[in-house]
Amino acid sequence: MIKCESLYKSYGDIYAVNNVSFEIETGTFLGLLGPNGAGKTTLMRTMIGLLEPNKGEISFDNMKMQKDNLEIKKRIGVVTQHINLDKELTINENMIFAAKLYRINKDKINLEITKTLKLLGLYELRDRKTKKLSGGMKRKLMIAKAIIHNPDYIFLDEPTVGIDLNTRKEIWRFLRQENKKGKTIVLTTHYIEEAEQLCDLVMLMSDGKIFKEDNSKNLISEIGDFKVEYNDTEMYFYNSLREAKIATKNSNKIFSISKTSLEDVFFHYTNKKVN
Amino acid sequence: MQIKTILWREWRFFLHRFWKITTSQLVTPILYIITFGIGLGDKLEVGGQPYLFFLMPGILSMVTMRNSYYAVSMRIMLGRLNDRSFETYIYAPMKMSSLTLGYLLAGTLRGLYAGAFIFIISFFTKRAIDVSFALVFMLVLNSLLFSAIGFIASMVVDTHYDLSRFTNMVITPMSFLCGTFYQVSNLPKIFKWVIELLPLTHTTRLIRRVSFGYGIDYFSLLIVLIYIFFLTVISIRICYREITY
Numbered sequence: 001m002i003k004c005e006s007l008y009k010s011y012g013d014i015y016a017v018n019n020v021s022f023e024i025e026t027g028t029f030l031g032l033l034g035p036n037g038a039g040k041t042t043l044m045r046t047m048i049g050l051l052e053p054n055k056g057e058i059s060f061d062n063m064k065m066q067k068d069n070l071e072i073k074k075r076i077g078v079v080t081q082h083i084n085l086d087k088e089l090t091i092n093e094n095m096i097f098a099a100k101l102y103r104i105n106k107d108k109i110n111l112e113i114t115k116t117l118k119l120l121g122l123y124e125l126r127d128r129k130t131k132k133l134s135g136g137m138k139r140k141l142m143i144a145k146a147i148i149h150n151p152d153y154i155f156l157d158e159p160t161v162g163i164d165l166n167t168r169k170e171i172w173r174f175l176r177q178e179n180k181k182g183k184t185i186v187l188t189t190h191y192i193e194e195a196e197q198l199c200d201l202v203m204l205m206s207d208g209k210i211f212k213e214d215n216s217k218n219l220i221s222e223i224g225d226f227k228v229e230y231n232d233t234e235m236y237f238y239n240s241l242r243e244a245k246i247a248t249k250n251s252n253k254i255f256s257i258s259k260t261s262l263e264d265v266f267f268h269y270t271n272k273k274v275n
Numbered sequence: 001m002q003i004k005t006i007l008w009r010e011w012r013f014f015l016h017r018f019w020k021i022t023t024s025q026l027v028t029p030i031l032y033i034i035t036f037g038i039g040l041g042d043k044l045e046v047g048g049q050p051y052l053f054f055l056m057p058g059i060l061s062m063v064t065m066r067n068s069y070y071a072v073s074m075r076i077m078l079g080r081l082n083d084r085s086f087e088t089y090i091y092a093p094m095k096m097s098s099l100t101l102g103y104l105l106a107g108t109l110r111g112l113y114a115g116a117f118i119f120i121i122s123f124f125t126k127r128a129i130d131v132s133f134a135l136v137f138m139l140v141l142n143s144l145l146f147s148a149i150g151f152i153a154s155m156v157v158d159t160h161y162d163l164s165r166f167t168n169m170v171i172t173p174m175s176f177l178c179g180t181f182y183q184v185s186n187l188p189k190i191f192k193w194v195i196e197l198l199p200l201t202h203t204t205r206l207i208r209r210v211s212f213g214y215g216i217d218y219f220s221l222l223i224v225l226i227y228i229f230f231l232t233v234i235s236i237r238i239c240y241r242e243i244t245y
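These protein sequence lines are chains V and R, in that order. Taking the numbering used here, I'd label the letters of the first sequence as residues 1 to 275. Taking the numbering used here, I'd label the letters of the second sequence as residues 1 to 245.
Keep in mind that the hints were calculated from the coordinates and are not lab data. For each residue, glycine too, the CB sits at the ideal point set by N, CA and C.
Sample of chain R residues at the chain V side, in silico, Cβ under 8 Å:
1. MET1
2. THR5
3. PHE13
4. ASP83
5. SER85
6. THR88
7. ILE90
8. TYR91
9. PRO93
10. MET94
Taking lysine-lysine and the DSS-like style, the derived pairs with C-alpha atoms no more than 30 Å apart in a straight line are:
11. R:LYS4 with V:LYS74
12. V:LYS259 with V:LYS169
13. V:LYS217 with V:LYS273
14. V:LYS118 with V:LYS108
15. V:LYS67 with R:LYS95
16. V:LYS259 with V:LYS249
17. R:LYS4 with V:LYS64
18. V:LYS131 with R:LYS20
19. V:LYS87 with R:LYS4
20. V:LYS87 with R:LYS95
21. R:LYS20 with V:LYS138
22. V:LYS272 with V:LYS249
23. R:LYS4 with V:LYS131
24. V:LYS129 with R:LYS20
25. R:LYS20 with V:LYS132
26. R:LYS4 with V:LYS129
27. V:LYS132 with R:LYS4
28. V:LYS115 with V:LYS180
29. V:LYS100 with V:LYS64
30. V:LYS212 with V:LYS272
31. V:LYS64 with R:LYS95
32. R:LYS95 with V:LYS138
33. R:LYS95 with V:LYS100
34. R:LYS4 with V:LYS138
35. R:LYS4 with V:LYS106
36. V:LYS3 with R:LYS95
37. V:LYS115 with V:LYS138
38. V:LYS183 with V:LYS217
39. V:LYS132 with V:LYS100
40. V:LYS100 with R:LYS20
Produce the entire structure from the sequences given, and follow the hints as far as they go.
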């Protein structure tokens, strides 16, 4: 279980994380959803120990980050938003480096690397220098490095940003498998579809605060499963298609009826778009 | 164990860039040897000896110093500010003391590697430097000290320009002023005092005396050890500043 209690993190006068508290059960696939600047990355970097909070506590299975950081870090895998691979090294060397960093037994290193690279479709390219890989390959390698030590918790900060749809779906498939193995996954994203498809718990974030948390279905149902949009300006939500149709029956305006998305939920509460 | 991980990574990096590293580190010392050594070496005398004889240990000192400094500072700076690969150490279960010592050792080895070429070049100049344990030890101290300076500099800068300015303002003047090319004793007193405060003056003195067979200057050795101790402590502390827990 991950527990964050009254977390604050500021940059000067601006609070990027402002009094955030939550608990995540083991095995949860959590999505932190919000537009750029909402505080998702800062929150994640604070959780994994890259940033020190001004106030508040973070604990993993009752181990406090302030006290047991080395123990906690052994159980965390991290994929940062930016590519932070060693460009001069090959895929295999990057993996060996990660394996050594997480103190994987010498006898097991090759086995674990082969297994992980095969899972992510990088095995055939293992001797290629990282700087010669495509964006999608680099992202996959970042994920491979993050899971080489079989962590209980995987943190991914916008892991599919800037990559093609096929690779993105491959990564989604892989993350789902890891989650099914019982791993807790925390993902920040501003891709609505990503959060809807993958996460069983979504936290909506804006201005450093989490203002709503539930699964996608409940978040949508809470405001209404169907959306009627007039002239692309006014938006109304209804619990059923029938209700939406009745509401628009005598309308003179141009309207459209569609299923409500998390983007709409976000807009409904904040008047801001995620993308 | 973790120190070995850093050394392994830097070793792989070195192998991938072997020719680039090797050739680039040879250019400057060869130019100095040709210009000051072979060109002027037989015409000038320092302390009753040909200038080339005096010059060689100075170049050895300068080359080990510059290469260890650059090896560490460039790698850390690029890792922190460019590809941000340095971050991987921070969220991994890595002790910052191991991280620091790993990089200082890697820098030391790079300094020694560069120094080895000066030994080889000296064989072709009729002024060969005799390799001894004491001389290698002094080179290790020199490389370690400047690896630490490179580490600290690259950990505190915010931009490439800052590091470049530090190198231009501190490292380059030091490499010329600290007795690498001339005798510090010839300087006016006021300059001499300032120069005596700089670490390269002492490492150069140690290297030169040992390579001439004059024995160890224990005062300079003490100064160098004090420098290394404090710079290593500062390096580790700065590294802990990067990690927030």
